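Protein chains: 2
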Amino acid sequence: MKIDVWFDFASTYSYPAVMRIGELATNQGIDINWRAFLLGPIFNQQGWTDSPFNIYPAKGAYMWRDLERLCSDLQLPYQKPTAFPRNGLLAARITCFFADEPWIADFVRAVFRANFARDEDIALPEVISTCLLEAGQDAENILVAANSPEAKQALREQTERARQMGLFGAPFFVVGNEQFWGNDRLERALEWAQGQRIS
Amino acid sequence: MKIDVWFDFASTYSYPAVMRIGELATNQGIDINWRAFLLGPIFNQQGWTDSPFNIYPAKGAYMWRDLERLCSDLQLPYQKPTAFPRNGLLAARITCFFADEPWIADFVRAVFRANFARDEDIALPEVISTCLLEAGQDAENILVAANSPEAKQALREQTERARQMGLFGAPFFVVGNEQFWGNDRLERALEWAQGQRIS
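Residue numbers (the numbering used here), protein chains in the order written: chain A, 8 to 206; chain B, 8 to 206.
If you are wondering where the hints come from, they were derived from the structure by calculation, not from laboratory data. Quick caveat, the model's predicted, so the values are computed rather than measured. Backbone N, C-alpha and C fix where the C-beta goes; we use that ideal spot for every residue, glycine too. Mixed in with the good hints there might be a few duds.
[To be verified] Capping the alpha-carbon separation at 27 Å, the derived lysine-lysine pairs in DSSO-like fashion look like this:
#1 Lys87(B) <-> Lys66(B)
#2 Lys87(A) <-> Lys87(B)
#3 Lys66(B) <-> Lys9(A)
#4 Lys159(A) <-> Lys66(A)
#5 Lys159(B) <-> Lys87(A)
#6 Lys9(B) <-> Lys159(B)
#7 Lys87(A) <-> Lys66(A)
[As the list claims (entries may be wrong)] Computed far set for chain A versus chain B, every beta-carbon distance over 10 Å:
#8 Arg116
#9 Gly143
#10 Glu157
#11 Ala161
#12 Leu174
Model the full assembly from the supplied sequences, consistent with the hints where possible.
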C-alpha cells in the first residue's frame, strides 16, 4: 500500500501533515512517496504573485491562529515564521532528486522544523546543511547534486505534474487517482490507501 | 454554553456542517445560534464576482469530489446541484429575521436538503414555502415578513458584521472570540465551547 504526499516547504498546513504522516502510515503498513513541488508557479498561473494568505488578509489572519491552535492540540513545537512564504527551492530540489533515499523523510521533517519550529530561513544553504546533518547525511555532495541541471529539471517536471494533476494547494495526499487536500484529510487518505472506498 | 454557526445557504461545506451540528451540540448541552449571512458581498470586496470554486476550476473540481466523498462517509443524501452557487437571499432573510424561533433549525436543514439533496432552486418562493412547511410553519406570513424592509436590513447588517469579524468563507463556528472555519473544525469548535482551551 502506498500514499503520495505532495507538499511545498513553505506551506503552513504541510507542517502538521508532514510531522504526522510518518508514524500513522508506518503503523498501518503504508509506504510514503515524498513529492516536493513548488506552489509558486501554480499560484502564478492562477494570477497570484504571493501566497493567498498574504493576498487575502482575513484568510491569512485566520490561518495563523488556526495553525497555532492546531500545533498546540497536536503538541507540535511551533513558532510563527517571521517571513512567509519562505523560499523552499533548495530543499525541494534535494527532496525531488533524492526522493527514494532512506533518509529523505528525516530530511523533510528537519526542514519543516527549521521553518516552523525554529523560524530559520530555509532558503539558506547553511540551514539546509544542518537539516541534512540531522538526517545523518554529509551535506556537501548533496548540495552540489541539488544544484545540477538534472535536479533542477526534476523539480520543474514534478511541479508541472502537480499542476496537471490539478493540485492547487498543499498538502495533497494522493492514493491512485483519489486526491485528499489538507492536513485535515490525512486520516481519510490513509483509510483510502487501506482499501476503504465509498460506494 | 453557546456556539454561533455562520453559514451561507449556497455554501457546499455548510451542508454537512449544518446537518451535523444539531445532534452533536444537543448531546453536549450546547445551544446553537444560527447566523445566516451572504458570502457574495464579502467575495465582491475581495474582487471576486463568483464563487472561488467557479473562478478556480481545479479547486472547484476537487471540492465537488470531496463533498461527494464526505457525504457518502457521513451517509448524508447528496445530489450535486445543477446550479452553483444558488441564490440563498430569501432563505437567509428568513433565518436572520426569525433566528430565535424554535423552528429555525428545522427550516435551515430543510433548505440545505432542498439545495444539496434534492437539487431544488432555493431562490424560488415555492421551494422555500415547502421548507417552511417541513419546519411546521405557515409559509405566507413568514414570506411577507422576510420581504419587509426590516428583514432586508437585518440581513445586510448581519453580513456586514460577518465581514467585520473577518469571516471570509463558510461555515464558520464562533465561540466567544475564537473562530473555526469549515465543516472539518466542527468537533474542535464544540470542544472549545465546552471549555477545552489551549495553553
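Tell me if the straight-line CA distance from lysine 87(A) to lysine 87(B) falls inside 27 Å.
Distance ~39 Å between lysine 87(A) and lysine 87(B) Cα, so the pair is violated.
Is the hinted pair lysine 159(B) and lysine 87(A) satisfied, with a Cα-Cα distance of at most 27 Å?
violated (42 Å)
Restraint status (C-alpha distance of lysine 9(B) to lysine 159(B) at most 27 Å):
This hinted pair holds, its Cα atoms lying about 26 Å apart.
10 Å cut-off, C-beta based - leucine 174(A) kept clear of every residue in chain B:
violated (8 Å)
Could you let me know if the closest chain B CB is still more than 10 Å away from the CB of alanine 161(A)?
Its Cβ never comes within 10 Å of chain B, the nearest being 23 Å, so this holds.
Starting from lysine 159(A), check that the Cα of lysine 66(A) is at most 27 Å away, please.
violated (32 Å)
Non-interface claim for glycine 143(A): all C-beta distances to chain B beyond 10 Å?
holds (33 Å)
Pairwise hint evaluation, lysine 66(B) against lysine 87(B), where the allowed Cα distance is 27 Å at most:
holds (16 Å)
So if I understand the rule, the pair passes when the alpha-carbon distance is 27 Å or less; does lysine 66(B) with lysine 9(A) pass?
Given that 27 Å is the threshold and the Cα spacing comes to 24 Å, the pair holds.
Taking only the CA atoms, is the gap from lysine 87(A) to lysine 66(A) under or equal to 27 Å?
holds (16 Å)
At 10 Å, judged by beta carbons, does glutamate 157(A) keep clear of chain B as stated?
Answer for glutamate 157(A): holds, closest chain B Cβ roughly 29 Å.
Mind verifying the non-interface call on arginine 116(A)? Its CB should be farther than 10 Å from each CB in chain B.
Arginine 116(A) is indeed farther than 10 Å from all Cβ atoms of chain B, at 23 Å.
Violated hints, in rising order: 2, 4, 5 and 12; the structure is consistent with all others.
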